[in-house]
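With chain R fixed as given, assemble chains L, E, A, S and G onto it according to the hints.
There are 6 protein chains.
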Amino acid sequence: MSVITLPPIRQLDAESAGVGFFLCTQKDVRPGRNGEFIAVTLQDASGRIAAKVFDGVDRMRGEFEAGEFVKVRARGNLYNDRLQLIIENIRRVHPEQDRKEGFREEDCVLSSARPVDEMWQELSELIASVGDGYIRQLLERVICANEKQLRVWPAAQTLHHAYRAGFLEHVLQIARVVSWLAEGYGANRDLLVAGALLHDIGKLQELDYGVATSYSREGRLIGHITLGAQLVREAASAVDGFPPPLLTEIEHLVLSHHGCLEFGSPVAPMTVEAFVLSFADDLDAKINMVRQAIRDDNGDGEFTAYHNRLERVLWKGR
Amino acid sequence: MSVITLPPIRQLDAESAGVGFFLCTQKDVRPGRNGEFIAVTLQDASGRIAAKVFDGVDRMRGEFEAGEFVKVRARGNLYNDRLQLIIENIRRVHPEQDRKEGFREEDCVLSSARPVDEMWQELSELIASVGDGYIRQLLERVICANEKQLRVWPAAQTLHHAYRAGFLEHVLQIARVVSWLAEGYGANRDLLVAGALLHDIGKLQELDYGVATSYSREGRLIGHITLGAQLVREAASAVDGFPPPLLTEIEHLVLSHHGCLEFGSPVAPMTVEAFVLSFADDLDAKINMVRQAIRDDNGDGEFTAYHNRLERVLWKGR
Amino acid sequence: MSVITLPPIRQLDAESAGVGFFLCTQKDVRPGRNGEFIAVTLQDASGRIAAKVFDGVDRMRGEFEAGEFVKVRARGNLYNDRLQLIIENIRRVHPEQDRKEGFREEDCVLSSARPVDEMWQELSELIASVGDGYIRQLLERVICANEKQLRVWPAAQTLHHAYRAGFLEHVLQIARVVSWLAEGYGANRDLLVAGALLHDIGKLQELDYGVATSYSREGRLIGHITLGAQLVREAASAVDGFPPPLLTEIEHLVLSHHGCLEFGSPVAPMTVEAFVLSFADDLDAKINMVRQAIRDDNGDGEFTAYHNRLERVLWKGR
Amino acid sequence: MSVITLPPIRQLDAESAGVGFFLCTQKDVRPGRNGEFIAVTLQDASGRIAAKVFDGVDRMRGEFEAGEFVKVRARGNLYNDRLQLIIENIRRVHPEQDRKEGFREEDCVLSSARPVDEMWQELSELIASVGDGYIRQLLERVICANEKQLRVWPAAQTLHHAYRAGFLEHVLQIARVVSWLAEGYGANRDLLVAGALLHDIGKLQELDYGVATSYSREGRLIGHITLGAQLVREAASAVDGFPPPLLTEIEHLVLSHHGCLEFGSPVAPMTVEAFVLSFADDLDAKINMVRQAIRDDNGDGEFTAYHNRLERVLWKGR
Amino acid sequence: MSVITLPPIRQLDAESAGVGFFLCTQKDVRPGRNGEFIAVTLQDASGRIAAKVFDGVDRMRGEFEAGEFVKVRARGNLYNDRLQLIIENIRRVHPEQDRKEGFREEDCVLSSARPVDEMWQELSELIASVGDGYIRQLLERVICANEKQLRVWPAAQTLHHAYRAGFLEHVLQIARVVSWLAEGYGANRDLLVAGALLHDIGKLQELDYGVATSYSREGRLIGHITLGAQLVREAASAVDGFPPPLLTEIEHLVLSHHGCLEFGSPVAPMTVEAFVLSFADDLDAKINMVRQAIRDDNGDGEFTAYHNRLERVLWKGR
Amino acid sequence: MSVITLPPIRQLDAESAGVGFFLCTQKDVRPGRNGEFIAVTLQDASGRIAAKVFDGVDRMRGEFEAGEFVKVRARGNLYNDRLQLIIENIRRVHPEQDRKEGFREEDCVLSSARPVDEMWQELSELIASVGDGYIRQLLERVICANEKQLRVWPAAQTLHHAYRAGFLEHVLQIARVVSWLAEGYGANRDLLVAGALLHDIGKLQELDYGVATSYSREGRLIGHITLGAQLVREAASAVDGFPPPLLTEIEHLVLSHHGCLEFGSPVAPMTVEAFVLSFADDLDAKINMVRQAIRDDNGDGEFTAYHNRLERVLWKGR
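Protein chains in written order, with this note's numbering: chain R, 1365 to 1682; chain L, 1365 to 1682; chain E, 1365 to 1682; chain A, 1365 to 1682; chain S, 1365 to 1682; chain G, 1365 to 1682.
Calculated directly from the structure, the hints in this document are not laboratory data.
Computed from a predicted model, the values in this text were never measured in an experiment.
Some hints here could point you the wrong way.
Since the list can't tell identical chains apart, any single copy or any two copies may satisfy a pair.
Calculated lysine to any residue pairs in the SDA-like style (CA-CA distance at most 25 Å, straight line) [what the hints assert, rightly or not]:
#	residue 1	residue 2
1	Lys1435	Arg1423
2	Lys1680	Glu1582
3	Lys1650	Glu1675
4	Lys1391	Gly1663
5	Lys1435	Met1424
6	Lys1391	Phe1606
7	Lys1680	Tyr1579
8	Lys1680	Glu1547
9	Lys1391	Ile1402
10	Lys1512	Glu1470
11	Lys1650	Tyr1579
12	Lys1435	Gln1569
Just chain R, with the same shape it has in the complex (with noise of 0.2 Å):
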């Protein structure tokens, strides 16, 4: 019997029935009506979904933990107007076996809309574009050095961005409205870039990142803003000749990009590019939750559920 491969979970619907990889993300088995029953929550590269196992519960019970990739065959199904799985067979991924079937981790872990590669010439050309010599060789120097980190980290824990390659995303489309705002005010194009490009480098040291994310203990007792300002001075020190005006002028747009002491930064913006730096990634960041916010809302009101980081609903549109 020819197996049918499940759509990604975006793509899912009723009708939908097959096989597939994912990760599991939650586990929990409780009581129900007629027994106890598995409820789960599966993770692909395009979404989330929760799944039940209602048959079979003693059997796979011991088949999986939260935590792992699993192979599961399930089928569609609405509950209170929500989609579902209900999983009718369910273990954990034997990756040497299951990889001749398709089996990729990346494609089981929640990611970037964007392809990698795609966003990796996008980087290798902006950096090209820039016509300071000392600050392109800065930021060469910084992404060579961590190109396998910056291929796959998220851009956050949970706030926003928070998924494969979040962070290579985030940084290109803040390079984007930057360059814009750079010819709208006449400010140093080649600085923001800079600054769009380095300003969150330092969670490279703050969030460990596998299957899940995770803070350091540097990232903590030290935080990205300090851990990614040490990082810039490195690398710069390294580069030949590398002004040190030019450099305190990097230093202060990574030190400054939250904006304002209360949310972290030591000093606050004093320069128009340190303004505008911050501003974008502060709006990025916002218009990011808030997509984020509506594409997960499952009510049928036209607005979303309260929203506590924006402490306020959102409306979902006409």
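Chains L, E, A, S and G in isolation, oriented as in the chain R frame:
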């Protein structure tokens, strides 16, 4: 003896000497080492300058008051490294007679650096570029009905763009920025252009503007945000078939453009467009304040004096 | 067998038994010691009560849903010192048939303790007592046009006076208080009565009210303060010769009644009347919250549980 | 030559001329166009006015100091549209001699517009109207023991009711307001009258009041709220059988009357009476500030200058 | 069969088994995989632990309630890497009978790690070391009069030192710290020792403490800060010749010890001693919270879970 | 005629007369009753004093400027109960010549009351007392490298310890306090001594200090907290085998020492040591401010004038 005309204030130097027309915005008689002198502040379209009458105080004392246009004969002078004018003669303008010598009110009032006709042209093209017919009609209606004011209005009494045609300069720059951001974030450009042009429209009723800027009774008791929303609602009711939901969205843009309740918006942004507009408005005001603080600072150091509104010093650059 | 009718919820005790009509606002099927049971919340005009179905769960499970009016046969029961109802039978109301037995929607919805007709009479006399002809006409016009809603509307979704005719109860009490304060402080009573009756009038558009209360799209995106000011302006434009300065004063009362910007007023009170109105509104809401928290608290102690909105506990008295 | 007496300050105009007694609260010798002049501020029960000595400066310079009562011969004069006095003669008061000509200290100190005896009568009737015997005795005891101070004390050093007998005016007005609110909200009137009369009683120890008002050591280090609660507790201990729970309630009223911790109350209101009292106190202070700011504002416009305490401008009315 | 006694909670491990006496602070019957089980929380002087009844649920269900002392036979067990107790038998304590087997209430209530008698001795010596006779007498008087409570009282209901004799532990540690700081800053040590011992004395009236801690009526309506100041004033009035200015200084220390108005002090520190005391109090409370959060955290990571009061995570160390 | 030398400023009285060397920090020519006079502020190591030139103004006017060291002949004088100097002769210092008469720059600049050599000795012993070899080496390295600056640097531009060697005085006092607290709370003394000595080390780069104190470019754009953390990291990299986790802890101490984000720390304290250090730093700065405000206050009363930074008045004591 032929008369030499003084250059605009921004181009004056210690060698300048001649005759010019200005607005006198301040006048004080003060005791000095050798008797009283008169200290005045003069303004033209390009800037402000301090000036002094040392000789002929008694004769000139009654020849003009603060708030009047004046004709002045003076020469440049450096005092504590700052440029000032030494006035040899000063009297209030006699419009009929002085117009023959080139006096024009608009040349004597602090003004946008951009020519008004050029901005008006840009405004017209911008409105013509709006794809949605209802929005375009709404904008045409509001703009036409208020052209006279729009060509001269400042954007605020003191904070930012507080000069002739500052309103136009401010909304056009925001329109430019939100057009880019609409592209960058897949937001509705037509809505955003409407928000850019209409968000401060209540200021036409909030401020009284002649030679100086002050608040009207409605401006104080109702405020430009509510006045603007009412003006938009009235204008839309005159556009045949204007869709109520579209009006609600535009009113939301106007009402939420200060970004949060503490700053006077009765509702916070709840759509991507409202977030974008409030950021663009805030950024444009901030950069205008930064640039002006740097331009106006006369100190020797690399940093400006403490800026009370921004609550920090600003870096004047390398 | 003749049917005994249950008393109103506020008068129930452990000895009560009989049949009654209610609104069911919550319904949950839960696992219990001896199988599943159904936990529901019932509401009538006088209050709310918890109730349980222990016997016949499978039969009754499908007979009603949350949000429906229900016919219930039940008896009182004390559980952990709190009164609840044990349901013997429950089904959704069949309006035509049940009306014959006395079912009326308004008896099943939490309501003001004051009779609506009595309040309406007081409202009419209050308007008639206004000396200024323009203000009186404005009030008559707004009240007539909205009588149907005004007779049932709540004052808020959850915070205070959140029940049928709560709006009317709230504005009449404020009108009473501001009349006294007008005398005590030599303020303009006509203006203050107008402010009392109109300050929340935008809630007629902000809230959707049927069996439950929710926010409308305009309510969220524009807000009741601005909606109210617009409604007042439109109504005044229909009163022949309404003096613009008088309209500005009334709009100021509506706009500033939350007392400060942080609470959503786009302008702060700038007149004695605006100060008086915002204090009276705040005090009336606070006392309604305090009284309700004390009435709803079931604990043994002298103090209520912590009140999240008021950020304190309240003393229930000696 | 018979002496013409100047009218009270509030009734002076540019035509006034004659002799009067005042308190001099400020005195500065300043350089002027024709030599030095003396600028002083004079006060009587009805208000304050600026005055100048232009002629005879050397002779009069030593005849008086700030803080002394003075005898003045002067005439009214308009300067920049504001009324001032031109002093022809000024010297410190010689009490024995000048009393014969009508000098009385109390006529020269800024005072409540209400006659003290009338207020005292109202106070006595108010206490007599209290139904609860314990509360009545407590009030009698506190009032009797402090009659001398109560007849002259101001309610504050600068903020509101900052004039002779302002304390009495303030507490009587609050008593009037809380009596109405007690009726309107079914609150305990006896408790509220006690709260109205006692809430600020600690100010008798907090402030030192003679010709001017200042803070005592206890006033600064302990504060009027705690001093008041202690005074109430001591007075109650002298009333035979005063019920401890009643004392606790009254202490709570005194302690919580600033409404919240940030404003210096160590506990927030937790009873309906405490909410009512704190609102009435705040409202009375605010209205006194608003009325005074409007009365003192000399500007031409419809609005006062920015009020630093209220953080807004105020509308002076149509 | 001889009975083995369980070690104190802090010394339990997975191998522990035997009988012990505890306070049961929580009891819940929950549905489980194999029928219901009972989840309880047990407490002794050294700590808290979770425990479960899996077998004999029906028999033991009625044998005890939350809030009672219990006799328990149990054994240690690791579940998700956390230690819990599996209960084999549990019943409420029969005091007379169980005292023979060693039951003592004080052994079953969370307590300071320091022996009370040792702390009492330190307290006595501390008072004896005070040089100023008035202060020493005041302290002796207050301490003697309250010895019984002082030996057992906690320092707070939940925040810090919330256990038996926590009050004593807290004030002695503060006395130690302020003695050092008095030396380091040339401050008045006698005053500071008085402040350390008296600053929280109002908590004896604010809290009711038996098996659990709760607030008294006076504690809520008046608050420990004012109660403490009143207690000090009354005690001082019983010391012959106690100098009023000294009393004012001590009252200031008590009243200002929360450091600022927002935290409930009606006056802010205005003397070096008041600054020192408020810092020492805050620091001691913070360190107690930090230590307890680290001790109670069961997670694997280097950091504790988010601490709601301190608004951060804490580092558990290398 | 032999020359009498003036005593240090703190010891001057109305009888003092003679010659002295000072720093002139302010100079104004002002109009007076009998012609112009010169008002200056003079400074030496012990304090500041106002002085006046009444005779010989024209001759002395050009003999010195603000910011220069001056030689002065003067005598004490009481004016409005405050001591000032009446200058008989003043001219700028001619270093070579005046050194012979005892002029030394350091005697003319406001300085710590503690001798620098004594403090340096204490610092050396303190470092030698550190048990952890890595920490001791780190401290030695940082201290040696910066001895020249450390011997003269102030701790701040204006707030606290704003005088020569104020930095050393401040860190030594903190080291003393944290040593006690390490003992009292069982915290790591070596870490705390490192934190005390290094927490403000970035101020060596933040401030420019010569005769006056100002901010450097790096000081403004990067800030002393980040500069200090970078300096520590660089110094540690030069210590062979310095353990990275130890470095992280020390960096955390430096970064979190302002106690919270609002005050410029990019991370809040997360360890007992970080809490202790931030409290000790804040307390030392506060007490220095309090002492200085009391010392500088010239008023008659028991309390100082309102202190803008501390937002209160301070008690000057009995």
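Inset, instruction - Can you give me the call for lysine 1512 and glutamate 1470, within, between, both or neither, at a CA distance of at most 25 Å? - result: Within. Shortest intra-copy distance 14 Å satisfies the 25 Å Cα cut-off; inter-copy 57 Å does not.
Inset, instruction - Measure nothing new, just compare the shortest in-copy and cross-copy C-alpha distances for lysine 1391 and isoleucine 1402 to 25 Å and report within, between, both or neither. - result: both (7 Å within a copy, 23 Å between copies)
Inset, instruction - Have a look at lysine 1435 and glutamine 1569 and pick one of within, between, both or neither, based on CA distance no larger than 25 Å. - result: neither (32 Å within a copy, 52 Å between copies)
Legend entry - 25 Å Cα threshold - placement of tyrosine 1579 relative to lysine 1680: Answer is between: at 14 Å across copies they meet the 25 Å cutoff, but 33 Å inside does not.
Legend entry - Within, between, both or neither, where lysine 1680 and glutamate 1547 count as close if Cα-Cα is 25 Å or less: Only across copies: lysine 1680 and glutamate 1547 sit 20 Å apart there, 33 Å inside one copy, limit 25 Å.
Inset, instruction - State whether the alpha carbon distance between lysine 1680 and glutamate 1582 is at most 25 Å within one copy, between copies, both, or neither. - result: between (39 Å within a copy, 14 Å between copies)
Inset, instruction - Please work out whether the CA atoms of lysine 1391 and phenylalanine 1606 approach to 25 Å or closer within one copy, between two copies, in both situations, or in neither? - result: neither (53 Å within a copy, 43 Å between copies)
Legend entry - Status of glutamate 1675 relative to lysine 1650 across identical chains (alpha carbons, at most 25 Å): Answer is both: 12 Å inside a copy and 23 Å across each meet the 25 Å cutoff.
Inset, instruction - Could you figure out if lysine 1650 and tyrosine 1579 sit no more than 25 Å apart (CA to CA) within one copy, between two copies, both or neither? - result: Both, since 22 Å and 24 Å are each at most 25 Å.
Inset, instruction - Please work out whether the CA atoms of lysine 1435 and methionine 1424 approach to 25 Å or closer within one copy, between two copies, in both situations, or in neither? - result: Cα proximity of lysine 1435 and methionine 1424: one copy only (12 Å, versus 40 Å across).
Inset, instruction - Give the relationship of lysine 1391 and glycine 1663 under a CA distance limit of 25 Å: within one copy only, between copies only, both, or neither. - result: both (24 Å within a copy, 18 Å between copies)
Inset, instruction - First find the shortest C-alpha distance between lysine 1435 and arginine 1423 inside one copy, then the shortest across copies, and answer within, between, both or neither for a cut-off of 25 Å. - result: Intra 15 Å, inter 40 Å, cutoff 25 Å: intra-copy only.
Hint compliance for this structure: hints 6 and 12 are broken, all remaining hints hold.
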